[in-house]
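Enquirer: Sequence:
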Amino acid sequence: MKTEDVTPTDTAGGTGHGPPAPPDRTDDRTRRAGRADLIAAAAGVLLITAAVVVGHVIQNRDGSLRAQWPPLLASWDPHLGPGTPAALVMAVLVVAYGPPLAARLPWRGLLAAAWAGSMAWVFSMALIDGWHRGVAKRLTTKHEYLRVIDRFEDIPATLRDFTNHIVIGEPGNWPAHVAGHPPGATLTFVWLDRIGLGGGAWAAIWCVVVGSSAVLAALITVRVLADERLARRAAPFLVLAPAAVWAGVSADGYFTAVAAWSVALLALAATRRVRFPAVAALGGGLLFGWTCYLSYGLGLMAAVLLTVLVLARTARPVPLFLLGTLVAPVAFTLAGFNWWTAYHLLVERYYQGAGGVRPYGYWVWANLACATLAAGLAAVAGLRRSAVAAPGAVRALRRGPATASPEGRLALLVLAALAALLAADLSGMSKAETERIWQPFLLWLLPAAALLPRRRVRWWLVASAVPALLINHLLWTGW
Numbered sequence: 006m007k008t009e010d011v012t013p014t015d016t017a018g019g020t021g022h023g024p025p026a027p028p029d030r031t032d033d034r035t036r037r038a039g040r041a042d043l044i045a046a047a048a049g050v051l052l053i054t055a056a057v058v059v060g061h062v063i064q065n066r067d068g069s070l071r072a073q074w075p076p077l078l079a080s081w082d083p084h085l086g087p088g089t090p091a092a093l094v095m096a097v098l099v100v101a102y103g104p105p106l107a108a109r110l111p112w113r114g115l116l117a118a119a120w121a122g123s124m125a126w127v128f129s130m131a132l133i134d135g136w137h138r139g140v141a142k143r144l145t146t147k148h149e150y151l152r153v154i155d156r157f158e159d160i161p162a163t164l165r166d167f168t169n170h171i172v173i174g175e176p177g178n179w180p181a182h183v184a185g186h187p188p189g190a191t192l193t194f195v196w197l198d199r200i201g202l203g204g205g206a207w208a209a210i211w212c213v214v215v216g217s218s219a220v221l222a223a224l225i226t227v228r229v230l231a232d233e234r235l236a237r238r239a240a241p242f243l244v245l246a247p248a249a250v251w252a253g254v255s256a257d258g259y260f261t262a263v264a265a266w267s268v269a270l271l272a273l274a275a276t277r278r279v280r281f282p283a284v285a286a287l288g289g290g291l292l293f294g295w296t297c298y299l300s301y302g303l304g305l306m307a308a309v310l311l312t313v314l315v316l317a318r319t320a321r322p323v324p325l326f327l328l329g330t331l332v333a334p335v336a337f338t339l340a341g342f343n344w345w346t347a348y349h350l351l352v353e354r355y356y357q358g359a360g361g362v363r364p365y366g367y368w369v370w371a372n373l374a375c376a377t378l379a380a381g382l383a384a385v386a387g388l389r390r391s392a393v394a395a396p397g398a399v400r401a402l403r404r405g406p407a408t409a410s411p412e413g414r415l416a417l418l419v420l421a422a423l424a425a426l427l428a429a430d431l432s433g434m435s436k437a438e439t440e441r442i443w444q445p446f447l448l449w450l451l452p453a454a455a456l457l458p459r460r461r462v463r464w465w466l467v468a469s470a471v472p473a474l475l476i477n478h479l480l481w482t483g484w
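Start counting the sequence shown at 6; every next residue gets the next number (this note's numbering).
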């Protein structure tokens, strides 16, 4: 018998005449990982379902959640709007063409496309509620910053007097959002008004245009700390972020961008991937200092900043970064505003209002359901992969920076943001509305989707976009 007549063993499945080959261990691991991703996503769905069911029971019983459609601060309001066609088109385009475009575009072209795509997605989602209700009037309601612009006629005098109007019961107490934030948030809109960009429409445009640039900061950070391949894979998920439901239109989108650029500039300085690393370090510090005067809780972004230094294995940018960070605190303190006094008064104000009624026992876990809705199921599955990769990444970093894989480095960055988010959750100062106020942390969970298998990326994009579209069309989300 000639040797050609013998049918060789089929190593893929053992279908030849020879003994069956052992299963491909790599394929088996891939299948197990894929199943684990789906289990993680299913756990996210169960968490959301439990928060909805339990939340409605509690709210119908005693109204203590202070949310009409828990766990979201929203009410049932099925509707369509002028943004509906644009939002649907954006979702289809990103799902169909986002991954290949992200892989092929020149890097600068990808950054430009990501910023434009993010703006289009956020604006289209906001316009589902119409121009007047969804955009122009969002930042002019009774709780918002624009209601007090005329009280900042004399900015130094208002800053000296700011803390006297935080607690309810004081004459002329600030609206909820003004009282709930350091004055940097309100001053942003005061300055816009001073340069001729006053009113709700300009404020909304500012928040969306600046807020959408956070996508660029995240992409740049992932590129320099992990690698460009993972940044490109993360790009479609950052563009099609479910948090767009609340970013359009919210000042928290603007806060997200400021915090994100602080991280990106520190990453560029630490890795020396920029022409003037000292300028980047100083700029990153300036932005982090400003971040702390936009929102009291964003000091927790220090966890992400520290992780940047750990991944870069350097403390070289720290002195200049800290020097930049001190600028905002020194300026506000000299102007008469005391951050710590204001924060303690805010805690008092918080418990005078809904924060004193909302039960911690529900919101401490229901907040995470809100975060799941705002980050998307792809981020949940990516977080699972990050948790698996983290121990190996830590061991590799101990041996030396060159031994840590890009995936492991990305995992540690993502988990640092998760740690900051969990600290905010456990503090008890974030009972409800976390789908909006946690956006600066949620941004850094989205790149975890880059760890998911490439062949399933479109399905994960669909899993992110469809719930966001449903929320925006079925509910009226407020703050």
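Since the hints were derived computationally from the structure, they do not count as laboratory data.
One or more of the hints may lead you astray.
[What the hints assert, rightly or not] What follows is a set of in silico ranges between Cβ atoms, one per label pair, in the way DEER data are often shown:
(1) Gly-341 - Ala-395: 22 to 32 Å
(2) His-61 - Ser-410: 25 to 35 Å
(3) Gly-39 - Glu-233: 40 to 50 Å
(4) Trp-196 - Asn-65: 39 to 49 Å
(5) Pro-161 - Arg-234: 46 to 56 Å
(6) Thr-145 - Pro-90: 22 to 32 Å
For each residue, glycine too, the CB sits at the ideal point set by N, CA and C.
Enquirer: Verify the CB-CB distance for Trp-196 and Asn-65 against the hinted window 39 to 49 Å.
Expert: For Asn-65 against Trp-196, whose Cβ atoms are near 44 Å apart, the range 39 to 49 Å holds.
Enquirer: Within 22 to 32 Å: is that where the Cβ-Cβ distance between Gly-341 and Ala-395 falls?
Expert: violated, 45 Å
Enquirer: Regarding Gly-39 and Glu-233, is the given constraint of 40 to 50 Å on their beta-carbon distance met?
Expert: violated, 25 Å
Enquirer: Verify the CB-CB distance for Pro-161 and Arg-234 against the hinted window 46 to 56 Å.
Expert: Given a distance of about 50 Å, which is inside 46 to 56 Å, the answer is holds.
Enquirer: At the C-beta level, are His-61 and Ser-410 separated by a distance inside 25 to 35 Å?
Expert: violated, 44 Å
Enquirer: Does the Cβ distance between Thr-145 and Pro-90 fall inside 22 to 32 Å?
Expert: Since the Cβ atoms of Thr-145 and Pro-90 sit about 27 Å apart, the hinted range of 22 to 32 Å holds.
Comparing the model with each numbered hint stated earlier shows that hints 1, 2 and 3 do not hold.
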